[in-house]
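**Q** Below are the chains, spelled out letter by letter.
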Amino acid sequence: MQQKVKSPNHLDVVTTPPSKQTADPSFLEAVLEDLQHEVYVYCCETLRIRYVNQAARHRVGWSLQDASSKTICDTVATFDIDAFHRKTAALLDGSQAELTVELTFPTGPIEVTTKLVTIAGEGSFFVSTVRDLADRKSLENAKLQTVSTVSHELRTPLTSIHGALRLLKAGVIAKLDDQTHSVVDIASRNTDRLLSIVNDILDFEKIKCNKMDFSINEMDLVQCLRDTVELVSGVAAEHEVTLEIDNCLTSATVLGNADRMGQVITNFASNAIKYSPKGGTVKFSIAQEDRSIIFSVTDQGPGIAPEEQRALFKPFSQARASDGSNRPGTGLGLAIVAAILQRLEYPVAVISDVGRGSTFSFRVPAHLVIETQTSCKTRAGTI
Amino acid sequence: MTSTNILDFPIAPNQEAVVPSEPLKTILHVDDDADIRTIIKMALETVGSFDVHQFASGQEAVDAVESVQPQLLLLDVMMPDMSGEDVWRKLTAKPETASLPAVFLTAKAEDSFSQELLQKGALAVITKPVDPMLLSSQIEDIWQQAKAT
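Going down the list, the protein sequences come from chains A and B.
Start counting the first sequence at 1; every next residue gets the next number (the numbering used here).
Start counting the second sequence at 1; every next residue gets the next number (the numbering used here).
Excised from the complex, chain A in its bound form:
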């Protein structure tokens, strides 16, 4: 029985009494069958299809009878079974509750969310729902396109301002008194900030529009770390932060992209320096774990509360440190990091201890590790 209630804005809302909310199986099946999203239910061991709804059958061109003889691998001609097993391992071992991946099909972009469901007496099944992202993507792209067009226009004048201030600050044109120097300093610092916002926006747009170079080559992660640490050592000195490399690997050859990895490590390092207290230490580590390689950056900053961690990798959202402060930044740095690591298929992780610091890390999966060399048990070098 249904009843009408008045919602606060006086629209009629139809509700079902709680006792009737456990609908019968045929009702649920009808809803599932007519759902606009595709639904695939399949055995987590054999991957044999148990159920596919109408939207799914329509896309793959199966009848109900066809479906019962298929596996999930038959849904796409290019189904990568190894990648599937790698990604779903975290669902099977319980370390992850659900898995969401975005894929580009000839028909457009889609989002696949997979969960493990165990039904008493039936066994365990993967349930994958597929959502068409075409509309959302085209809206996102339009928004990004506008922002990046503006950024392109901003970059040339900003480059001139940046150069002019640099010459002024260095006293090439005239010697500046202390007051003028501090005003030029403010202008210079803020121009740098604007330029980094513009560059981040353009980088983010490049990644989203597949214009960023992601060519995969053999690269040495240890060398990449050394180069990056040298690059950020000036900023660290300004912040009075010590950088320490603590790893026993002398080289770690992996399949990746050196420029993109440099970008990721620079971003992690800049954040760690930015959030460190004066006199603090930022530690970089590259360690082998089984056949994978774990890269991590640890700071002694204020840490990030769990509810803030969720927003860390989202674009334009700068997480608030647990001391309540915000540091200068674009809110795009970690979104770029996440997008790069996702493309390289390196899982990313954050461990944060409020009041003690944070560790940002990524893992190079075993199948992307070529070889490693070690010359000592532990070695710590201070830069």
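Fair warning: there could be bad hints in the mix.
Between beta-carbon pairs, the in silico distance windows are [as the list claims (entries may be wrong)]:
(1) A:Arg343 <-> B:Gly121: 29 to 35 angstroms
(2) B:Ala98 <-> A:Gln179: 51 to 57 angstroms
(3) A:Thr146 <-> B:Lys120: 32 to 38 angstroms
(4) B:Thr149 <-> A:Gly94: 56 to 62 angstroms
(5) A:Ala174 <-> B:Lys147: 48 to 54 angstroms
(6) A:Val172 <-> B:Lys120: 33 to 39 angstroms
(7) A:Pro157 <-> B:Asp63: 53 to 59 angstroms
(8) A:Asn141 <-> B:Lys94: 41 to 47 angstroms
(9) A:Thr146 <-> B:Gln115: 25 to 31 angstroms
Derived coverage of chain A by chain B (criterion: at least 3 residues anywhere in the stretch with Cβ under 8 angstroms from a Cβ of chain B; other residues may be distant) [claimed, not checked]:
(10) 152-163
(11) 166-176
Keep in mind that the hints were calculated from the coordinates and are not lab data.
Quick reminder that beta carbons are idealized off the backbone N, C-alpha and C, glycines included.
Go by the hints and put chain B onto chain A.
**A** Chain B alone, transformed into the frame defined by chain A:
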């Protein structure tokens, strides 16, 4: 005039730019942005000690190259009428300037694009924004490295 497409120049850019053994003194710089030209001139003449001859367009540079007699081209990549790469192609197509070495300035931090220019024989690709306090030493280093090889 429309921008010249890469396909309009079937001749490959000079693969063997000749870097003379004498010290670098004269640079020909092309950039359509007047403010950038001012900063680059200060960076190379006031901070550094080069002679810089500047032009706002590729065609002006091509017309003036014989009178300037530069040792090095410093070219902005993105320009409205003739791109930096096109200026280089035009000059390397002339026998008298065929071996002129070129350094490019680009706002495109596109690695593949930079790689492409380097493969075609550019001495270096410097990504903007340049640091005017470091540019002259960067150019000097590039020159010394090219001489050594």
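**Q** Taking the hints in turn, state whether each one holds.
**A** Hint by hint, here is what the structure shows:
For the hinted restraint 29 to 35 angstroms between Arg343 (chain A) and Gly121 (chain B), the CB-CB distance of approximately 32 angstroms keeps it satisfied. Distance hint for Ala98 (chain B) and Gln179 (chain A): a CB-CB separation of about 54 angstroms, consistent with the stated range 51 to 57 angstroms. Between Thr146 (chain A) and Lys120 (chain B) the beta carbons are some 34 angstroms apart, a value that agrees with the proposed interval 32 to 38 angstroms. Distance hint check: the CB atoms of Thr149 (chain B) and Gly94 (chain A) are about 57 angstroms apart, consistent with the given range 56 to 62 angstroms.
In this structure the hint that Ala174 (chain A) and Lys147 (chain B) lie 48 to 54 angstroms apart at CB is violated, the actual value being about 36 angstroms. Hint check: Val172 (chain A) to Lys120 (chain B), Cβ distance near 34 angstroms, so the stated range 33 to 39 angstroms holds. At roughly 29 angstroms, the beta carbons of Pro157 (chain A) and Asp63 (chain B) sit outside the given window of 53 to 59 angstroms. Under the hint 41 to 47 angstroms, the C-beta atoms of Asn141 (chain A) and Lys94 (chain B), about 44 angstroms apart, fit the expected range.
For Thr146 (chain A) paired with Gln115 (chain B), a C-beta distance near 30 angstroms keeps the hint of 25 to 31 angstroms intact. Against chain B, the stretch 152-163 of chain A contributes 8 residues with a C-beta closer than 8 angstroms to a partner C-beta. That satisfies the three-residue criterion, and the hint holds. Counting residues of the stretch 166-176 of chain A whose C-beta lies closer than 8 angstroms to any C-beta of chain B gives 5; at least three are required, and the coverage claim holds.
In this structure, the earlier hints numbered 5, 7 are contradicted, and the remaining ones agree with it.
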